[in-house]
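Trainee: The chain contents come next:
There are 2 protein chains.
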Amino acid sequence: MRAEFKTLASGTVTSPFGFVAGAVQSGIRSPNKLDLAILYSEVPCTAAGMFTTNAIKAAPVVLTQKHLRNKRAQAIVVNSGYANACTGKQGIADAEEMARAVADKLGIAPQNVLVASTGVIGTSLPMDRVRAGIDKVTLTKEGGHELAEAIMTTDTFTKEVALHVEAELGTFILGGVAKGAGMIHPNLATMLCFLTTDATVDATFLQSALHTAADSSFNMVTVDGDTSPSDTVVLLANGLAGTKTINAGNGEVFQKALEEVCLRLAECIATDGEGATKLIKVIVEGAVTEAEARKAARTIASSPLVKSAMHGNDPNWGRVLAALGRSGAKVDEGKLTLYLNSFCVTKKGQPVPFNKQEVSNSLDSKEISLKLELNLGRGKATAWGCDLSEEYVTINSAYTS
Amino acid sequence: MRAEFKTLASGTVTSPFGFVAGAVQSGIRSPNKLDLAILYSEVPCTAAGMFTTNAIKAAPVVLTQKHLRNKRAQAIVVNSGYANACTGKQGIADAEEMARAVADKLGIAPQNVLVASTGVIGTSLPMDRVRAGIDKVTLTKEGGHELAEAIMTTDTFTKEVALHVEAELGTFILGGVAKGAGMIHPNLATMLCFLTTDATVDATFLQSALHTAADSSFNMVTVDGDTSPSDTVVLLANGLAGTKTINAGNGEVFQKALEEVCLRLAECIATDGEGATKLIKVIVEGAVTEAEARKAARTIASSPLVKSAMHGNDPNWGRVLAALGRSGAKVDEGKLTLYLNSFCVTKKGQPVPFNKQEVSNSLDSKEISLKLELNLGRGKATAWGCDLSEEYVTINSAYTS
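Residue numbers (this note's numbering), protein chains in the order written: chain S, 1 to 401; chain D, 1001 to 1401.
Careful, some of the hints might be misleading.
Looking from chain D toward chain S, a few residues come up when the C-beta cut is under 8 Å (computed) [to be verified]:
1) Thr1087
2) Pro1229
3) Trp1317
The set of hints was computed from the structure by calculation and includes no laboratory data.
Note that the coordinates shown come from a computational prediction; the quantities given were computed from them, not determined experimentally.
Beta carbons: idealized from backbone N, C-alpha and C, even for Gly.
Between the sequences and the hints, there should be enough to build the whole structure, so can you do that?
Mentor: Okay, structure coming up:
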């Protein structure tokens, strides 16, 4: 494998060739906020998707899963403000109408339009505003940035990235946008992510590549342990860069590039957790299996007590072990070693004396790491989380009000 | 089954005949706080216990499980301040020494002494203070109240109860104390509970009765989803009331009384969740199985987003369904009905319009209920939780400091 990845300045979901987007302030819920956007590819794409594992699925998720059955798509319409979830039969009808309106506007089949919504659950969409908004959207090459802004809810910054990849089977671009903040959790909780590429990718490989990339990125990001009925990750490949067809046999570079894009978006999501003041990176090594390493890392990163301690720069490492202990991963207390940043606080199960003030000072940082060596096997994983602040509660006790 | 339960005024763990207790300020961690206590029965008891499911177990849990193998015990020694967890070999030696010191003081076998510790994880006990404290404890009939106080950490009130039970096979008293607050979760997270009775109870039945009672009480209480290496529930029966021997064949009244005692302590624990301002009762009916009803109720009661919304009196009912959806319980969205207090907000999957201000006013209360009808089967369960307040974060970002 020989390849070079270059991060594009101002890279976004419309950076790959042939993609355009646009957004408007339709007033769906708040005035003066971009809240409705369309992403469009000049030609039909092979398409892959991953969706919430929540048993309650928002209407747009149900519709988009249906539209993706043929692994083709050409446009995405997305709104923020209301999630169109728990909205009964009206919700399905509204999602269908959004796809139809966009299809009419663009002169494509409704089946080729995917739909996503994020926001408050349980309230129907104001369809008059949605319809008027769809009418008004203008699609441009720079429109990816507007789309990134339009999907924000409690996010405090847009999450966008694009990589330029030079590989043996051709040069291509991979771009993406995401929204995260509250409810981010393993299994794609309340997350929207749209990924695009101008590479030519086999549809079956596209789906498996997306799964693999999501497993080590989005599914390892956790903010509060809650999941949402709306989580959607979609990847469109339009082939306009003219690469050879990428498949399971030659897809190693594409896979790496996709993982890199997903990882960068995932880190943005963790950093922007609701009320977060710092990014917490939890590294677990030496687990019996990789699956157990993932479980352990995610459980620690989502523990409210660990998150609160890190918020206060409190080297209360027992909470890390308590979270580890309930994760379901196999643990031998006499073998485990834990580091808070570079400070070893317990080694092979024996506490190591440390200067509390010194460790606390080191935790007073925008990015900290907790590293556990279980010394049982070769499974390893990294999870990203954020601290739990008073601000999280303030934001979430008045979200619909 | 004919029986009468009477709540004893000022009832506590020493209300049953033959139990005494006492506590001292040993200065284990803070000055001027009762922090070390002993509970003693004049005669050896049949004994049952339930312990943390966390893979990391505190030294006192390891020792107490060992001492309970013969289903006999006569005393319990407990301290707050440090949990003696993640303390390596020294921790086990310290727990053994606590049992030995109490055995010497009381003239009984160390095997008959159970040990429990609660507090900060990862720091060894100051054994000089523990030893001196054990020496100083004076045991009295009123000492249950001191013990209830000595086991408090971030608890804001003592949790004590005793029931006087008149049944066909004799009159007896059941008493108990508990500590809860932070980290309370299904599977007995960071909870200490000591239960006593002067009934004569078969040891095998005692253990099964304790399991059944805990399943519908302590295991349905959740504060923050974290669990602790120290969770311990112990039940001692000394037989001094002279009842007939209670066993699986005739134990219905005892079982009910035990459940009642456990329920009352569990409700106290939920009410006293760290920073809690209200008790949230989650009732799930019509689940496929009782196990699924429990999963659903507990997941909802521990959702940070549900807890934050309830803190702000925000009728954001979509969050309740989102938590339900990730609980693992089978759900048919088109069949489910949800009430916030007495207000139906969604009926058979269709949102029901409601006056937001009116429902919000009703949520502005010390005790609220969320009731879900899944309409799939006959499984039902109730979980107790509390809201998530800014105060929770403040408490937990500076616990060891």
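Trainee: Run through the hints listed earlier and report the numbers of any the structure violates, in increasing order.
Mentor: Hints that this structure does not satisfy do not exist here, as all of them hold.
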